[in-house]
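Visitor: Quick note, the sequences are listed as chains A and B, same order.
Residue 462 is where the first sequence ends in the numbering used here, and the numbering goes up by one at each step.
Residue 374 is where the second sequence ends in the numbering used here, and the numbering goes up by one at each step.
Don't read these hints as lab results, they were simulated from the structure.
All C-beta atoms, glycine included, are put in the ideal place defined by N, C-alpha and C.
Keep in mind that a hint or two might mislead.
[Claimed, not checked] What follows is a set of in silico ranges between Cβ atoms, one per label pair, in the way DEER data are often shown:
1. B:278 with A:139: 50 to 60 Å
2. B:190 with A:366: 56 to 66 Å
3. B:365 with A:221: 24 to 34 Å
4. B:179 with A:114: 21 to 31 Å
Next come the chains, spelled out residue by residue.
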Amino acid sequence: MLDVVVVGGGNAALCAALTAREAGASVLLLEAAPREWRGGNSSHTRNLRCMHDAPQDVLTDAYPEEEFWLDLRAVTGGRTDEALARLAIRESARCRDWMRWHGVRFQPSLSGTLHLSRTNAFFMGGGKALVNAYYRSAEALGVAVRYDVAVDAVECAGDRFAAVRAGAERITARACVLACGGFESNRDWLRQAWGRNARGEWPADAFAIRGTRFNQGTVLRALIDAGADAIGDPTQAHMVAIDARAPLYDGGICTRVDCVSLGVVVNREGERFHDEGEDFWPKRYAIWGRLVALQPGQVAHSVIDAKAVGRFMPPVFPGARADTLEALAGQLGVPCAPFLDTVRAFNAACRPGAFDHAVLDDCATEGLVPPKTHWARPIDTPPFFGYTLKPGVTFTYLGLRVDDRAAVHFGGRPSANLFAAGEIMAGNVLGQGYTAGVGMTIGTVFGRIAGASAAAAARQHG
Amino acid sequence: MSSAAAPDESPEAEAARQLGICNACRYCEGYCAVFPAMTRRLEFAPADVHYLANLCHNCGACLHACQYAPPHAFAVNVPQTMARVRRDTWARFAWPRALAAAYAHNGAVLGIALAAALAGFLALAAGRHGALWGAPATGSFYAVFPHGLMVALFGPVFGFALLALGVGVVRFWQEAAGGPVRAAAAGEAAGHALALTYLGGGHGEGCHETDEGWSLWRRRLHHLAFYGFALCFAATSVATVYHYGFGWVAPYGWTSLPKVLGTAGGVALVAGSAGLWWLRVRRHPGHAVAEHRSMDLGFVALLLLTGASGLLLALARTTAAMPLLLCLHLGSVMAFFLTMPYGKFAHGVYRAAALLKWAVERRQPSRLRLGGDA
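The following block holds chain A by itself, in its conformation from the complex:
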């Protein structure tokens, strides 16, 4: 009988498969996608947040456990399991040599991301290059890989895993690792989770999915229905405000719009609704998806003037461009009078300061609600540009509760041979919020733990 079946084909699944194989287990990996779409959301990632106590190759300075933990606690608002979070943090310091061994290459932080050079190790070529390296290593080590196999059911006898089913096919194994993502690609589930708001809208209908279309959450739903312990809130997710023209799936990184902190953001009614200059954009971009989702029509418009051009990462879609604010309002489809009132009020509230996008500068508004606390400069220099934004879901946080062996729990008891890694259990660490690269940290660390646990379980119960 097969030792370990891994459900999923992204980073966590590959880390689990490789680790189980290294421990001597026979391993079959089932990827729901065809080969050309393999790798799930991992193909859209670019780095791994890493603890380190001294400079290491591409990582500058130090990022000790305590600082990483405080960052994680801050972004999650304390909605995290400290023991599991610290496990992920500590193991993040130890996984890169192993990643290199399997062909992953690192590079210094990319242009536009120097703020991450201390905390995040970038994959050369990005996540798809990492996925390619892992698949090559898996093939070389004798991991069996099958594409186009979408697991739709998991058979358990009580809390013991027995088999997975994909259509008519039944695959038995001594142990199983579930690493098949969240449910973000399942638009019906998102719709149901977000429900209907007071305006009568179904907000989730407006969402784009930034990553794979294959994370339907079928296995997650099946496990929850079978009595596995769930963790997290189905509306919590990594959510970014992205260009409204982004494709429904797989828009990835390039659909983000990075000029929010350089201008103002107005909603469909032409009104501001949040402090655009709260903090550096890379620390704030992951809250704006949710902010936009709460606005009427789940839409917003980032408006800048000529002063901002060349100061932010170039967006993939060209913005609306006009020589007057009136014309820009027309192009963006926001009501002209309220929009002009908003901009006038904002411009009048901007206090003189020394503009510096590299620091939390003293250009702030005075007496404005909501305020803009940094980088506030009047929108007064044509041409004006506008980018329409919508919420983009990267991945959902509702998942399966696990322990430090990555074991799936049933009624508070860990399963002896069923494990979970990656997005499907990220909610244990991420109750809400996000900090760059931590998804890959969780996937890599818990992937390796799940792979080792599964191999050990297969040996014990052989």
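Given chain A's structure and the hints, the job is docking chain B onto it.
Guide: Chain B in isolation, oriented as in the chain A frame:
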């Protein structure tokens, strides 16, 4: 121009569309010089695209790593698109302009050039020597074609090829606004050209051939072909100095400098060009451009024929086959010189110019101040 719109018809516009996507992503920055050069720009005018296309070494790394590669609707394939633009730039800057069309029908052009050169030498040999078979008593090539005649034939053709390539690359440099060149930049560019740094994938493990795996074979085989060619050229140069400087007239012995250089160069050229042929026919269809197959393979075949016929000639100098082999060798060398400015050879010249432009450019401060670099 909308970056994520449907693929465009013109290779330049299509490259600009794709670079708009790349510039918003930037994951491939570590692979080569194209992407760091891209990040110094917000828009991609034809001049920028021509420059970046010639900076691209077609290593394939960015295609296999691309989250937007086909079947993604964004359909980003930088190596293939750059290859299209690259050939178009060589045609655009070709001199005289009327010969630019040679790029579009390169297989035919190479074939005709080779046939004409062969026919010319065969006719000359038959006319002068009286027969194409039979060793001259002296075993000297000059008994078939006098030294002066060969100089009179090859000198002007080679000179014209250099002039045509020179005019083209100067036009390319002017369009790219390369700017003043300092020694450090020139040295760096020469180093990257001679080492083929950007066939290393950024990590030095090579480039892609058939799949996601890395291979150093293209770099090694290109080195063999390039340095083999250089050694053959050095052999001819040394022989020229011997001839005019010292009055030492060929044939030279096996241990003489021209012969050692020529033999080593010929072997390397044959091995390198045969290997490059082998790699080219096995290349992942996503990297190369199908319409360029005859240009790419024709060039490599001509190199192979030149090297192989030269080696055979050296071995069979005293046999009856010598006049025929001499015609074959001289015909292939002549066809090579004739088509130098109108075929794949141009890649080396334009690549070197693009590397120089990058070496100059990256020493200048960027005019962009993207907030994320704070």
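Visitor: Each hint needs a verdict: does it hold in this structure or not?
Guide: Here is how each hint holds up against the structure:
no., hint, in the structure
1, B:278 with A:139: 50 to 60 Å, "24 Å, violated"
2, B:190 with A:366: 56 to 66 Å, "58 Å, holds"
3, B:365 with A:221: 24 to 34 Å, "54 Å, violated"
4, B:179 with A:114: 21 to 31 Å, "27 Å, holds"
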